[in-house]
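Student: With chain A held as given, fit chain B onto it using these hints.
Protein sequence lines correspond, in order, to chains A and B.
Using the numbering used here, the final residue of the first sequence is 273, and nothing's skipped along the way.
Using the numbering used here, the final residue of the second sequence is 273, and nothing's skipped along the way.
Simulated from the structure, these hints should not be mistaken for laboratory data.
The model shown is predicted, which means the values in this text are computed figures rather than measured ones.
Hints may contain errors.
Since copy identity is lost for identical chains, a pair holds within one copy or between any two.
Here are the simulated DSBU-like pairs of lysine-lysine, each with C-alpha atoms no more than 30 Å apart in a straight line [said to hold, decoys possible]:
no., residue 1, residue 2
1, K258, K223
2, K169, K104
3, K263, K229
4, K72, K104
5, K263, K169
6, K72, K211
7, K259, K211
8, K211, K249
9, K263, K211
10, K223, K263
11, K116, K104
12, K259, K223
13, K51, K229
14, K228, K263
15, K93, K72
16, K228, K242
17, K228, K259
18, K258, K104
19, K229, K259
20, K258, K229
There are 2 protein chains.
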Amino acid sequence: MKESENNTLNYHVSVDCAIFGFDFSKLNVILMERNFAYNGVEYNDLKLPGDLVRKDEDLDTAASRVLKELTGLENIYLKQFAAIGTPNRLKRFERDMEWLRRIGHPEEVVVTVAYYSLINIERDRIDKSGLPADARWHPVADIKELSFDHMDILTDALITLRNELRSNPIGFELLPPKFTLSQLQKLYEVILGTELDKRNFRKKVSNMPYVVPINEKESGVSHKPARYYIFSKKVYEKTRKNSFDFSV
Amino acid sequence: MKESENNTLNYHVSVDCAIFGFDFSKLNVILMERNFAYNGVEYNDLKLPGDLVRKDEDLDTAASRVLKELTGLENIYLKQFAAIGTPNRLKRFERDMEWLRRIGHPEEVVVTVAYYSLINIERDRIDKSGLPADARWHPVADIKELSFDHMDILTDALITLRNELRSNPIGFELLPPKFTLSQLQKLYEVILGTELDKRNFRKKVSNMPYVVPINEKESGVSHKPARYYIFSKKVYEKTRKNSFDFSV
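If we strip away everything but chain A, and leave its shape as in the complex, we get (with noise of 0.2 Å):
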């Protein structure tokens, strides 16, 4: 710090986060429902879960308690990718003021930290009937449009993701832990937003040594059952170890 504040504010810190799930087909993120009226209208919008910081609280900790109270989990994945303090950003619909003037919540500047997290949702068993009532899964591709500037949180959450999945295996997160050569190739598909081909694509996953077929195939399916694989962490270390390359 320099050795004056002029100018300096007093801030609130609260967390958002970006949970997202991906079920075979595409990704989604659990938003919550905000049902109130204003000016005799009736608002139904959605927002990402959040929450003030607490006294004596980490910000990492504020997320989990978050992520927690609202799914049941611990130990999953989730990372800060963002602050955001752009001067007014709650104010920019007139029934987000009124609904922040009805909660007692202070209008006064709020710096908020973005997290996003990625869950299995049928591992984790969150599905509809595991969520609160005004909590829901959305696929990710029909939001339009989110109560402050959540949505723009949400797409820097997609961009960062994205990226993330370039450079990192964290892609596995989303999936249970077996896992079929067409599951992963939908899911970066989904993520990246592009087709991929497929024969590129199962060249690219013998080239790593980290995702390891095992000794089991699919049953029940129509189709000619598709063997497993599983994503082994310890190999991924070794091989990272010492590596770079940043692009293909």
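Tutor: Just chain B, lined up with the frame of chain A:
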């Protein structure tokens, strides 16, 4: 935000910057000298440059301002990498608390948003003479302790830089527009903290179409003059599109 705000808190928000520069032999960072006496003892310690965020100022704007006030530079690679709100993060050392009281700094919680910046020392002419009297380049490898939690922030910045260097072509920000392959290799060795095999390194580089040889060689050197290369952002972005490869 939830519909309660029990136990929440007012914060001050600051930015802190790890500004890295490479001098062809080692990685350096700009630190601010702090000299003052406390309880009869004279303290000379070092901290990262930073400042409180001002009213109506965006976080990125505040970081750019700190960078510009210090170096005179604008439009430099500057990336937010963490927000830190650990309770009591400013109270680790008694001398820090005394210093805060002297400069009239709020003793309440300060959430800081950390940035790292990459500067080409040669190109940007930011040597010792270009910095204020209390600021100086320090070899990163020599730094053992900093004020507050700044050592943690610097360590995090370095980890982020290493990870980014593995997957993105950011190293070129630290080099002059034209560079030799030996200089490029040295940069990677210094930041990754490891020696690289020359033959393997050149093989990797030959697979990077965006590292382009130009028709110019070193002059005035005692060894065999080496060819210069440039980094083509345009070629990189074309190559990068739709590619993914999270390890070699």
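Student: Look at each hint and say if it fits the structure.
Tutor: Hint check results:
1. K258 to K223: Both. Shortest intra-copy (24 Å) and inter-copy (29 Å) distances satisfy the 30 Å Cα cut-off.
2. K169 to K104: Classified as both; 24 Å inside a copy, 28 Å across copies.
3. K263 to K229: both (18 Å within a copy, 19 Å between copies)
4. K72 to K104: Both, since 19 Å and 27 Å are each at most 30 Å.
5. K263 to K169: between (42 Å within a copy, 29 Å between copies)
6. K72 to K211: Cα proximity of K72 and K211: one copy only (27 Å, versus 47 Å across).
7. K259 to K211: Both. Shortest intra-copy (24 Å) and inter-copy (29 Å) distances satisfy the 30 Å Cα cut-off.
8. K211 to K249: Close inside one copy (18 Å), not across copies (51 Å); limit 30 Å.
9. K263 to K211: Answer is both: 27 Å inside a copy and 23 Å across each meet the 30 Å cutoff.
10. K223 to K263: both (27 Å within a copy, 21 Å between copies)
11. K116 to K104: both (27 Å within a copy, 26 Å between copies)
12. K259 to K223: both (27 Å within a copy, 28 Å between copies)
13. K51 to K229: within (22 Å within a copy, 35 Å between copies)
14. K228 to K263: Classified as both: same-chain Cα gap 21 Å, cross-chain 21 Å, threshold 30 Å.
15. K93 to K72: within (17 Å within a copy, 36 Å between copies)
16. K228 to K242: within (20 Å within a copy, 39 Å between copies)
17. K228 to K259: For K228 and K259, both the intra-copy (22 Å) and inter-copy (27 Å) Cα distances are at most 30 Å.
18. K258 to K104: Both: 18 Å inside a copy, 28 Å across copies.
19. K229 to K259: both (19 Å within a copy, 24 Å between copies)
20. K258 to K229: Classified as both; 18 Å inside a copy, 24 Å across copies.
The structure meets every hint from the earlier list without exception.
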